[in-house]
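Undergrad: The chain contents come next:
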Amino acid sequence: MVKGIYIHIPFCNIKCPYCDFVSFINEDEQLYERYVNTILKELSFYQNENFNIRTIYFGGGTPSVLKPELIGKIISYIRNQFDTIKNPEITMEINPKTYKENDFYKVANYGVNRISIGSQSFLRKNLQSLGRDHQPIDVLKTVEYALKSGINNISLDMIYGISGQTLDDLQKDLEIYTSLPIKHISAYMLTAYEDTPLGKMVEKQEYQMPDEDITTLMFEKISDYFESKGFFRYELSNWAKLGFESRHNLLYWEDKQFLGVGLSAWSYIGNKRFGNVKNINEYLKRVENDKKPVEYSEILDEREKKREKIFLGLRLSKGIDIRDFNSVDIFEELSEQKLGVIDNNRFKLTSRGLMVINEVARKLIQELNL
Amino acid sequence: MSERLKHIRNFSIIAHVDHGKSTLADRLMEFTGATEKREMKEQLLDTLDIERERGITIKLQAVRLKYKAKDGEEYTLHLIDTPGHVDFGYEVSRSLTACEGALLLIDATQGIEAQTIATFWQALNLDLEIIPVINKVDLPSADVDRIKEQIADVLGLDPDEAILASGKAGIGIEDVLEAIVNKIPPPEGDENKPLKALIFDSYYDPYRGAVAFIRVFDGEVKKGTRIRLMSTGKEFDVTEVGAQLPKMTSLETLKAGDVGYIAAAIKDVRDIRIGDTITDAKNPTDEPVPGFRPAKPMVYAGLYPTGSTTFEDLRDALEKYSINDAALTYEVETSPALGLGVRAGFLGLLHMEIVQERLEREYNIELITTAPNVIYKVITKKGEELEIRNPSQLPDVGLIDKILEPYIEASIITPNEYVGAVMQLVQEKRGIQKGFEYIDKRTVLLRYEIPMAEVLFDFHDKLKTVTRGYASFDYEVIGYREGDLVKMDILINGEPVDALSFIVHKDKAYRVGRSIVDKMKEVIPRQLFEVKIQAAVGSKIIASARVAPMRRDVLAKCYGGDITRKKKLLEKQKEGKKRMKQFGKVELPQEAFLSILKVE
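Residue numbers (this note's numbering), protein chains in the order written: chain A, 1 to 370; chain B, 1 to 600.
Because the hints were derived from the structure by calculation, they are not lab data.
Any given hint could be a false lead.
Subject to a maximum C-alpha distance of 27 Å in a straight line, what follows is the list of computed DSS-like cross-link-like pairs (lysine-lysine) [to be verified]:
1) A:K305 to B:K568
2) A:K86 to A:K106
3) A:K278 to B:K572
4) B:K521 to A:K309
Since this is a predicted model, take the numbers as computed values, not measurements.
Based on the sequences and whatever the hints tell you, model everything.
TA: Put into C-alpha cells, the structure is as follows:
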C-alpha cells in the first residue's frame, strides 16, 4: 500500500555548493509548466497501484520557484486520481526570499499545511560560508507569512559543522531556532559529498572542515539544548514538538511504501526500490513518450529488507524491534558497551551510539549474518 | 660415441633477473628458425592466452632448437630453463644436472650479482662447461672492461673467451650458437642400457595429467614404456613423449642425451618429484641420478580463511593449487584466535608470496596470513628434540633445555662505498662476518653467517635501500645453532593471540616488543571501544599501547533517495572489513598479523 507521494522539483535560483540533490538553475516559466504536466503524466502511469495517500511532499531543488497554481495543480490531480485520506500532511520545501505573503495564502488554500524552510543558520558568516543568498531576516519573514496564512506546522533546517563555526556561534543559532514559533527542526552536520563543489573544495583544501572534536561536541550540544526546549529527537537529524514529527519522512525510516515522481525521484513499491533518470531532457522525453523514466531498480529480498530495517531503524529514537532478528547477543553486547539500550524488546541507540551509527549498523549486519 | 649424440648439446642460461635471459633465449629461437620474428610475439602469446583460459600457465621449460653450424653439420640444442630466485636453489641444481654446459650471462651495465655467482658455483661443481656472455654491450653505459675483470677475478675464467652480445640488438647471437656447438661437450650415455632419466621440472596439464620434463641419461623412453619413479617405486605407462619446439610436440621416442617431456596419465604432480629418476620398470637401472632430495620447506606460516571464505573453500583451493606446486606442503591446524586453517610450508618467502597471491587471484580465496617463521628445534630437559613450526607451540620455558635456529651463509655483492652500511645492517641481524674480498676495483663480495629468521622479513628490502639498489644477495642454509631465544606473546585486551606469537632473540625483545606494539596501533582501526595492545615475554609485559575508540561516523541525512546510496556505502564499509579477523570483540586487519615484518 503506497502511503505517500514525493514530488521532486529540480529547479533553483542558485546552486548551493554543498547540495547533492539533483537540481539546476532555471527560470524558464514554460519549462516549469511542461515539467509539471510531465509530472502529472508520470503519476498517471501508477494508477493501478494500491494507494492510500496520507502524505504529499514537494522537495527539491526549490519547489517554491513554481507558482502556487502549479503546486495546486499537482495536489488536486493526486486528490482526484488516488485514494487520499481526508487530511493528508502536505509539505512544501520553501526557500527564503521566494514566496511572498500572497503565495502562502494560495498554497495554503490548495492544501499545503506544512512547510520546511531552508534557513540553515541565523549567522551571516555561516550563510556566507555555505554560499546561501538569503539573509537571516528573510527566514523570519517567511515564518511570519506562513503563520499568517494559517500554516503553523513549520520546520526549519539548520546546518552545523561549518568552516569557522565556534561552539558560541552554535549556541546563538540554537537559541534563535528554539525561540521561534515553529514545530520542527532538522539539524544536519555539513557533509562534503564527493561530487559537489564543496566536496571538490575540501579535496583541494580550499575549504577547511572543522575538526572532529568540535563537531562531536556540537552533535552532543544540539540534542541536549533542543530537548531542553521541548523539541524531541525522533530521528538522528530531526527534532519536533510532540505530535509534529514529519509523517512523510517517517515513511522512509519506517519501511513504508512511497511513490516518488519527477527527475531523480526514488520510490519503494511492493518489494522494489527504483529511481528515475537524472537528466531533465531524458526525463521529459521518456514520460512524453509514455515510458516510465525509471533507470535503476532493485528487488529487495528478505535479507536485504532486514538490513534496511537495521540501518534505517537505528536512526529512529524508537529503535528497532529485536524480535525481528534471530539473535539478541549482539544487541546485548552493544548495550554493555553503552552504545544502545534494550527497552521493551526494542534496541535504541544512545547519544554515543548515534554518533557511530554506521559502524554499529555494519556490526549488526555482520553479526546477524545479514 | 654415436653420431646422434655428437650432434646434441644441452645447456642452460645462468643470469640475474633483468640481465636479459629471456631476450637472449628469444633471439636464439629466432636465429635457429624455431620461431619467426612475427610469430614469436603473436603465436606464442596466443598459445599462452589459450593456456591461461584453461587456468594453467606454461613456461618454456626445455626448448629444442635445430642449428646448422658453420661446420656444415646440423645440431640439436636443448635450452633448459632455470628458476631465477634464491628460494628455488635446489630446482636450479636439478636443471643444471640435465646440462653439459651453461651460458653465464652478465649485464654489461650492471656487473656480476650474488645470485649469478651462486649458480655459477653450482654449475662448476657439476663440471659444466661455462661460456661467459657479456650482454647489452650496445648500451652507452656498458663497461665491458670492468666485466672482463670480474670474470677473471671472481669466476676465474678467461675473459678473452667471453662473447660480446646484445639480445636486444641481435649482436653476437651466431657467436653464442657456435660456442655452444664447439665448447660444450656432447652428452654421454648409452641408449642400449636400461632407462635412466632425470626429472628437472614438472607441471599439471588438464589433458595430459602431470607432465615431467626429463633429461635421458641412458636408454630410451617411448609411448607405452612402463616407467618406475625410483624414489617412490610408483609405476606408470607412458602415454606421450615429446619436446617443446617450442610448442609441445609429440615425438616417437626420447633417447640417451635427449631432453623432452613425458606424460603418463599421472594424476598427482607430487608423484613427479623434481630430482627423481625415471627408469624402465621391466629393465631398471641400478643407480639413480645422484643428488635427489624431497622438497623441504624452509618457512612456515598459517593460512586462515576470512571474509566470506570458509575453511572448506580454502582446503579445496589448496588441493587444486598444489596439483601444480609439489613444493607446497600443508597441514590443518586450529588457532584459538583464527579458528580452523592450515600451517603451510614454503621453500622461501617468494614462494609464500606466490602461493598467497595465486590463491587469492585464481581461486578467489580471502586469506589472513600469519607472519612467516623458520623451523626451530627445541631440546627439552628430558633430552627430546622437537621441531617447532609454529611459535605458539613452543613448550613452557621451564621444560626447555635449549632452542636451536637455522643459520644461512649469505653472499652479498656490493659496490665498495656501501660496505659500511651493509656491515651495519648485517650486524643488526646478528650476522657473523666470514669473508671479504674485492671482485673488481669497485665491487666487494661479503660472506656472512646469519640466523635465517633475521633475513626472513625485510632483509632484502633493507639491503636494497642501504645500497641504493646496488647490492645483490644469495644464501644457502648451513645448519642449526643454539640461540638465546624467547617467545613473545601479543595480548589484545588482555588476551594472548596465539597467531601473533613469535620467537625473538632475548637481546632484541624489548626493542621488537615496543616496535610491534606501535606498528599494531597504527594498523588496528578505531573500534566502538578501546583496544589495548601489549607485548609480553612470559608473564612480563614489556610494551603496551592503546587504540582510542572511534569518535564518530559521517552523520549524513537519509531520505528516500539516499537509502540505496547509503546501502552501497555500508556495503563498501563491509568490504573494507573483509580481511579482518574477529578476535573476541576486536577486529584485527591482516596487517596486524604481519606487523612483525615491519619492526624497525
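Undergrad: Which hints from the list above does the structure break, by number from lowest to highest?
TA: Structure breaks hint 4 only.
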